[in-house]
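K.L.:
Okay, here's what each chain looks like letter by letter:
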Amino acid sequence: KAGVTQTPRYLIKTRGQQVTLSCSPISGHRSVSWYQQTPGQGLQFLFEYFSETQRNKGNFPGRFSGRQFSNSRSEMNVSTLELGDSALYLCASSVEPSGANVLTFGAGSRLTVL
Amino acid sequence: AQRVTQPEKLLSVFKGAPVELKCNYSYSGSPELFWYVQYSRQRLQLLLRHISRESIKGFTADLNKGETSFHLKKPFAQEEDSAMYYCALSGRMNTGFQKLVFGTGTRLLVSP
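If you read the sequences in order, they're chains A and B.
Just so you know, the first sequence maps onto residues 1 to 114 in the numbering used here.
Just so you know, the second sequence maps onto residues 1 to 112 in the numbering used here.
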């Protein structure tokens, strides 16, 4: 079966712009989690959605937002981009909410902010 | 608050040598612990979880609640073990929901 699909894979933006990233989970998976991966900080939890509801949110500013649709696909948005937002954004899905459930990760969306 | 600490950013060993990647955690409840691995140009994937108590690719990890540790071990490292390893903890937040928190990762480099 198809894995977790993230689009776009690469994108370049300038400071002040906004960006929307998309994640399609594995068929049948209803939970989607987002992480920011950087060399210095590792994986930082952004948020998790389950059945279109945000269950958890990490310690990121309000510029970072997300949503989940009825088909479990999820999007995350970053507004007013800053240089420090440059990172690999990973999406992961699981059948039920994360925790004891194993996460299946996508390949990521690499964002570069100039 | 739940926290995962991986003290080593880089661990370099020779092929055939024993490997131990350290992971310490901070959590007041009963944790669920995992090791995830990311090989070069591959996706992050689960290596093992403590509740399974299994050996994957020769790796094992034992949960030590007294020392709050979940170190990953392998008696004889192979070159194909070179990868980035992340320890992760699942704990219940104040919201009542569980959250998976990752450490900063340790890069394992196995030289021939």
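To be clear, the hints were calculated from the coordinates, so they are not data collected in a lab.
Careful, some of the hints might be misleading.
[As the list claims (entries may be wrong)] Facing chain A, from chain B, some residues (calculated, C-beta under 8 Å):
(1) Q45
(2) V101
(3) G105
Bear in mind that the values here come from a model prediction, so they are computed numbers and not experimental data.
A virtual CB, placed ideally from N, CA and C, is assigned to each residue, including glycine.
K.L.:
All hints are to be evaluated individually against the structure, with a verdict given for each.
P.N.:
Verification of the supplied hints:
| no. | hint | result |
| --- | --- | --- |
| 1 | Q45 | holds (7 Å) |
| 2 | V101 | holds (6 Å) |
| 3 | G105 | holds (5 Å) |
No hint from the list above goes unmet by this structure.
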